[in-house]
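With the sequences and hints as input, model every part of the structure.
Protein chains: 2
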Amino acid sequence: FVSLFEEQRLKLKDLCLLLYFYIISSCHATKPNMLNVHLVPHTHDDVGWLKTVDQYFYGDRNDIQHAGVQYILDSVVDQLLKNPDRRFIYVETAFFYRWWKQQSSSMQQTVKKLVNEGRLEFVNGGWCMSDEATTHYSAVIDQMTMGLRFLNETFGPCGRPRVAWHIDPFGHAREHASMFAQMGYDGFFFGRLDYQDRARRRRDKEQELLWRASDSLTPPMADLFTGILPNGYNPPEGFCWDQSCDDPPIRDDPDLEDYNVDDVVRRFLAIANSQAIVYKTDHIIMTMGSDFQYENANLWYKNLDKLIHYVNALQANGSKVNVLYSTPSCYLQELHRANLTWALKMDDFFPYADDAHDFWTGYFTSRPALKRYERISNSNLQVTCNQLEVLSGPASRKGPFGEGDMVLILVNLSLSEKAMAVAQHHDAVSGTEKQHVANDYARRLAHGWQRCQVLVSNSLAALSGSSAERMYCDNLNISVCPLTESSKKFSVNVYNPLARPVTWPVRLPVNGTAYLVSDANGKSVDCQLVFQVQAPPLGFTTYSVSLLQDGPPPASTQHRTPTAIQNKFLRVTFDPDTGLLSSLSNLETKQTIKLTQNFYWLVYNASDGNNLQSDQPSGAYIFRPNSSTPFLISKTAKTESIQTSGVQEVRQWFAPWVSQVVRLYTDSKALELEWTVGPVPIDDDLGKEVITRLDTSIKTSQYFYTDSNGREMLQRKTDFRPTWNLRQSEPIAGNYYPINSRAFIKDDVDQLTVVTDRSQGGGSIHNGSLEIMLHRRLLYDDVRGVGEPLNETSNIFPKGLVVRGRLLLSLDRPPSAADAHRPLAQEVVLQPLLTFTDGDLHPNTQLEFSGLQAALPPAVHLLTLTQWDKDSVLLRLEHQFQSWESKLNSQPVTVNLQKLFSTLEVLGVSELNLSANQWKDEMTRFHWTPMTGTGHLNLFIRFYYISS
Amino acid sequence: FVSLFEEQRLKLKDLCLLLYFYIISSCHATKPNMLNVHLVPHTHDDVGWLKTVDQYFYGDRNDIQHAGVQYILDSVVDQLLKNPDRRFIYVETAFFYRWWKQQSSSMQQTVKKLVNEGRLEFVNGGWCMSDEATTHYSAVIDQMTMGLRFLNETFGPCGRPRVAWHIDPFGHAREHASMFAQMGYDGFFFGRLDYQDRARRRRDKEQELLWRASDSLTPPMADLFTGILPNGYNPPEGFCWDQSCDDPPIRDDPDLEDYNVDDVVRRFLAIANSQAIVYKTDHIIMTMGSDFQYENANLWYKNLDKLIHYVNALQANGSKVNVLYSTPSCYLQELHRANLTWALKMDDFFPYADDAHDFWTGYFTSRPALKRYERISNSNLQVTCNQLEVLSGPASRKGPFGEGDMVLILVNLSLSEKAMAVAQHHDAVSGTEKQHVANDYARRLAHGWQRCQVLVSNSLAALSGSSAERMYCDNLNISVCPLTESSKKFSVNVYNPLARPVTWPVRLPVNGTAYLVSDANGKSVDCQLVFQVQAPPLGFTTYSVSLLQDGPPPASTQHRTPTAIQNKFLRVTFDPDTGLLSSLSNLETKQTIKLTQNFYWLVYNASDGNNLQSDQPSGAYIFRPNSSTPFLISKTAKTESIQTSGVQEVRQWFAPWVSQVVRLYTDSKALELEWTVGPVPIDDDLGKEVITRLDTSIKTSQYFYTDSNGREMLQRKTDFRPTWNLRQSEPIAGNYYPINSRAFIKDDVDQLTVVTDRSQGGGSIHNGSLEIMLHRRLLYDDVRGVGEPLNETSNIFPKGLVVRGRLLLSLDRPPSAADAHRPLAQEVVLQPLLTFTDGDLHPNTQLEFSGLQAALPPAVHLLTLTQWDKDSVLLRLEHQFQSWESKLNSQPVTVNLQKLFSTLEVLGVSELNLSANQWKDEMTRFHWTPMTGTGHLNLFIRFYYISS
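Read top to bottom, the protein sequences are chains A and B.
Here the first sequence is numbered in my numbering, starting from 153 and rising by one per residue.
Here the second sequence is numbered in my numbering, starting from 153 and rising by one per residue.
Check the hints yourself; a few may be wrong.
[To be verified] Chain B side only, calculated, beta carbon under 8 Å to chain A, not exhaustive: (1) Asp206; (2) Phe209; (3) Tyr210; (4) Gly211; (5) Asp215; (6) His218; (7) Tyr223; (8) Gln254; (9) Gln255; (10) Ser257; (11) Gln395; (12) Asp405; (13) Glu621; (14) Glu940.
Calculated from the structure, these hints are not laboratory results.
Note that beta-carbon positions come from the ideal geometry of N, C-alpha and C, so glycine has one too.
Spelled out as structure tokens, the structure:
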């Protein structure tokens, strides 16, 4: 290719060089033979938590929590202007963007000057500070890209954050570190980690370390310098000068009462010296701020100015402590200059406990309905919508159905992308927000989807040549679709967002007795309640459905439950006495495991005698059953069975509020367990946490495996942590880990993989066992700030939320298991989009379409295809196999970009970093030396900036 | 005289003219045919309440109350600079002065510009916003003068407040209004008045009125336009945009959730229109602020800017409401332009009730010890100290005893004057502050007195020619004075701050059996426990005391209580059965009244069945006994009697915690009742309010009389208010009034006047009766913010404060009673200062001195004599008789200033207004037309600015 971007790149290169020198020079000088204390003024602004994101922005509902981000930014800018020594960092672009839009151009110029001079520095810079336990990597990359793009386009290189900053998330995922490394960050700081881990690291001076965040990328590709902040993200005790704090201000007028300069300086020096003992260099960092602080920045800065003045004044008397305004990147630069070696970390920071009985493992499952809605939205609204915009071009943005949800004009970012981005926040999809805020996130996603539908309709009209009205049946999950229930003839357009052909079962609610379903070629399709659809990669196909026989739908064929169901791939047996699963066989590999599955509940009982050690209850964040034996919901299940040509189902009832459908589709290699849980009964005044547990004959030896943000798999071991000698104090909660897309257990011969449809928590407490928490209904607040028990009801479910979901089970030989679960999980993450058209289609309608010239190889996932600006699109291709997991697919792959798309002509390509805010070959990150050897590589991801 | 100030005056005159035009032009234009809503951004900064004045200034102890005045002023100045339309008013110079001292000169220039442009306006401008019920006029004038002087010298005429602003005090004294008028204020605004009074005034549109504040000064000398603010001093409901409030901000970005501009505008218009109905003009005022608000002024101004914008934008659609930033003086100017007639008010605004059972009459007595200490401090520290500085000149400020408490350099205002000034605050001497704050006020007064003692010692050294060490016995009230208790020979210097010769009894603690006391002429003085001293006007005399016989002091001569004691002026009889007083006779006028006196307590009993109407308890502010019958402490008193040549005493014991000494000095025309109350017992879990009650044969017909701030007397009538038809709901608390220096009851022939030694509350509930509340000890907070029960203990009194005080009773014919009680009250307010020197005095010591060439006539009180700057002093002479109260003394008097002083040569004189911040003949106040006729005149006060 001949790059069309050379000119632009040269320009950028100059700027980047400038930026490099600039960062060096904008940091305050430190003093070589002293302890340098870096004071970092900062605010932590949740993109929704106790209040909605917009309430936080405006400072509305201050009765709930005093917080108004518009005023924070007003105030900080004012105060930075008062003293050029002052520094501030800002993190959440979701808020900064809202504020920026409302500023006059002269204020915008002023802020640019502050950014250019390093007085206002962006850190992290994503749309939000994403949750690490319950997010999917694709949505995280998108929200980071959106925030960083705004900064890049608004401020240029000086606005590019060099430091990732996740001071609040409740545990840290390795995949996040890997992404940050690939986004070009020089380092990463966070605040929360297990209390035992911190104690060990303090002792060994390992609170600053090098995180090797992938076992597949060649170091240092996914190496990330990681610093653990000394005090969470709060200021040291006694030094909080925000309006929300009560610490004594510096009273330095000797004419007034209570002159306290000597006392303040003495206390500060004591804290600084004791902090220096547990870190390696002559530099320490202090986070001078906290949640929504700096709304009146004068209070902070006025006292910090005085603190710096009076502490440094003592140097004249021989004091060896030097205090300065600083930023994380200035601090990081000093650590880098120290040229030391750093401890290497290969695992992650889950689970997080802040005390012996306080494991933050409940939020892995909290608000399961929101977690699922976020995942569906990612598929429909972020992926499908973006892809169709690219594939159909300008026609999507303005067509017969109105103006779509455009991303082109940055100041008017797409509603759907903003909705998805805020949903990644660590109090959004995590489920740790107040109920009204959860409702707000869901409403934003729904509004985004409404706007997206216009774009989808326009796109499909352009691509199919038919502008017939298109209907969306968003309630198919509860079998509601007015069109299919009433129409005698309609067609179904199936759009496939994956880059390979995929087959799905489709079930539609109908009121007729018999229907004829035919595919795009007019060939009739076997149809009995469910029919299989197959759509081309990155494209659609169309099925038409005609009523053959009016009258009531055929009564489901009900059978006595068979002792086994099977298709050509799998065989499943049931225990005739209990109605439970009893075994699973892979007929191709000829492997069989014993498999029992049942539902249980765990409970925190406030009046339980076992509560002597701690009265910490389960809540939105915390999982704390105070008995380690879960309660069985029912020993047996009432069952019923339905068999059609497309699917075999065994329906199991465990209780009025727990049921399951065990489902085997004819063409599927996975067994589906569709669970329905709720309303969880609370008439016994006990909150309940409901799990499903698979007990197998696999010899797990305490090991099991969970994914990190839906991407690489990590090995877990019960009652064990890789980097310290664990004293386990919670036998269940302390063994739970986040499951974003899958978990598996294995031994030498068998691997049972469970693919989930949303983020959940789970563990392997017993040999051969894997449990997943499905739903939680709790009666206590867990005293971590949210101030509400997690007790979800709604208009539709006034007696408690009913939640439904699916687990897909796959039994394989370990060396080839990934060949099955990688594509399987992608199909769950990126679902086909069904749209409906009533009546006959116009004869000229194009019934089938693919945006690709050919399917991508199995190892390659088309992660992102989105319009970037008028003439270019952003493409992300991802190698989706870990280096060790598949003989077949873990190898490097080559993709010919020129021959990739069917509707786009590729004029030029430039490779970018993962977050698309820097040219890949200009990513010059700090080099850090680990204390021990290196990892190994195979996986790669490429990001292309393509001009069509 | 030839005035030496002409040049200066001319200069000032020009400035005043400029000022006049300036005020006109700095106000925003209003719209003639619209309702103009004046938004007045303001903060109300208590000079101590829940926190000390310095804690409030710095924002220390925000755990008690979030408030930091340094930040308020920082923030407001910043925000005023952002938009020239914005306005702010500032009130309390005690805080502004602290802040100003700490500003850079460039910031000071910026603030001057804001003041000159009318964007920052000072209102009230005294050192504090004084209490009106418990302050003495002399201390109020001094604190106002101090604050206004700072503004005058810092900002010139543009800094001169034109409006008095007492938005918080709990009831309003007529004498305050009179003072404000004489200080040149154009108008006065306040926030609190009786709820029935407000209802009536709202109905009759009389919330703006003309207060004729003296029955003796010729109108309009003491006429003061008075506006009652619509909502206390708070913003209308829903429109509080301070950081301390939770009202919804204006959310005007249509892209964000919850756009609310239409809702806000609708609510605002509804409030404005309903407010306009109860006021007379097309202008209404809204106070946009409250206690310690505007610490983050951006929140307020950002939303006010939007409010003004959106409300006025509706004018294009025909709206007739115009909103503008304004100030009280701009609002007042519009009222003046309206050229209407205003209801005339002749009485005062006491007592204040905010509901039927919520009378703020408890604080008239709260903290009786602090109230007394404030009064003593006024005498010693403010009057004596200032006078001696003038009389001895520079020698006082730097002499053998160090550097005294100087007033000369304004930026370093005298500690003692600042202490006295803050003590006038409406949560200081009022007794409505927290205990630790009361301690702070007392400590400040004590520190001030320590600094003053240096000045007094220097002065007396200079005037007497002796630099012998001088000792101060501040604990004479509890009979402690180490020098007199141990020395065999010492001398006593008696300084008289009054401008006429006065005789006092002196009693000193000694350990010898017999002493010789001789006066300045060497003449021995009759001495038996007590000796009489007489000191020249504004001067001193010296007594020497020598031990005649060592050994224990003579045992008090104890007698059976006589049935009567008498001197040449008075006869007092006792009931032999009860030990109580039974009659009082004036032997000169030959009048006798029946007089019984006893002690009672009132109680708020939370468990009392009478509490159905209200559960409001008594507290620091509120007096609410829930039985209207006081409890008698004892029907009888145990008595004991002591008679010496100087004094006759009958000592009465009513309970272990209540006793009294009835005392008749040989040369005195007043009967002294020295009461001792405490520790008030609370072991019955009942708080108690202790009163002394005088029951007489005087036919009072519901009338009685109390003073206003120690100056003019006002007529009171039980269960009656002069300006509305009272529905009395609290038979005792609703009939209490403040007594600052005296109260009397009378009929056609007899007047019994009681002079108090501090501010107290009292009433006349029954015919012939006068009761005064002496002490309060309470177990509940009264829910008006102070958050503490008024339950005083101390290190010395861990079981509860013991309080001692004096009432002086005088029985006279009504037409001449003032001839006795005016000088009597002055002697109690301004006490002699005793200083002690051990051993023999140097023979050259000048034993006697008077600063006056001759005593002033009885009608004239020397109110102020204080050094103003190096070459001039401020003199205030006051006619101390009301026009109607004395045939002899209510006449005009002439004083020859040239022949007044013995040590000062008068070079020039200029007359000023009462607060000394304006030349008298340049005081041009707005003229206001009352609805009804005028009052009448006789009293005058002259204020002279004298160069020595």
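B:Glu621 as an interface hint toward chain A, with CB separation required under 8 Å: It is violated, given that the least Cβ distance between B:Glu621 and chain A is near 29 Å, above 8 Å.
Status of the hint placing B:Gln255 at chain A (closest C-beta pair under 8 Å): 12 Å, violated
Evaluation of the interface hint that places B:Glu940 against chain A, nearest CB under 8 Å: With a minimum Cβ separation of about 19 Å from chain A (threshold 8 Å), the hint on B:Glu940 is violated.
B:Gln395 as chain A interface residue, shortest Cβ-Cβ below 8 Å: Where the cut-off is 8 Å and the nearest Cβ of chain A is about 6 Å from B:Gln395, the hint holds.
Restraint outcome when B:Phe209 is required to lie within 8 Å of chain A by C-beta distance: 7 Å, holds
Interface hint for B:Asp405, Cβ within 8 Å of any Cβ on chain A: 7 Å, holds
Cut-off 8 Å, beta-carbon criterion: hint that B:Asp206 touches chain A: With Cβ-Cβ at 4 Å, under 8 Å, it holds.
When the least beta-carbon distance from B:Asp215 to chain A is tested against 8 Å, hint result: Holds: closest Cβ of chain A sits about 4 Å from B:Asp215, inside 8 Å.
Hint validity - B:Ser257 Cβ closer than 8 Å to any chain A Cβ: Given a least distance of 16 Å, the restraint on B:Ser257 is violated.
Residue hint B:His218, partner chain A, criterion CB-CB below 8 Å: 7 Å, holds
Restraint check, 8 Å cut-off on beta carbons, for B:Gly211 near chain A: 5 Å, holds
Restraint check, 8 Å cut-off on beta carbons, for B:Tyr210 near chain A: This interface hint holds because 5 Å falls under the 8 Å limit.
Hints 9, 10, 13, 14 from the list above are not met by this structure, while the remaining hints are.
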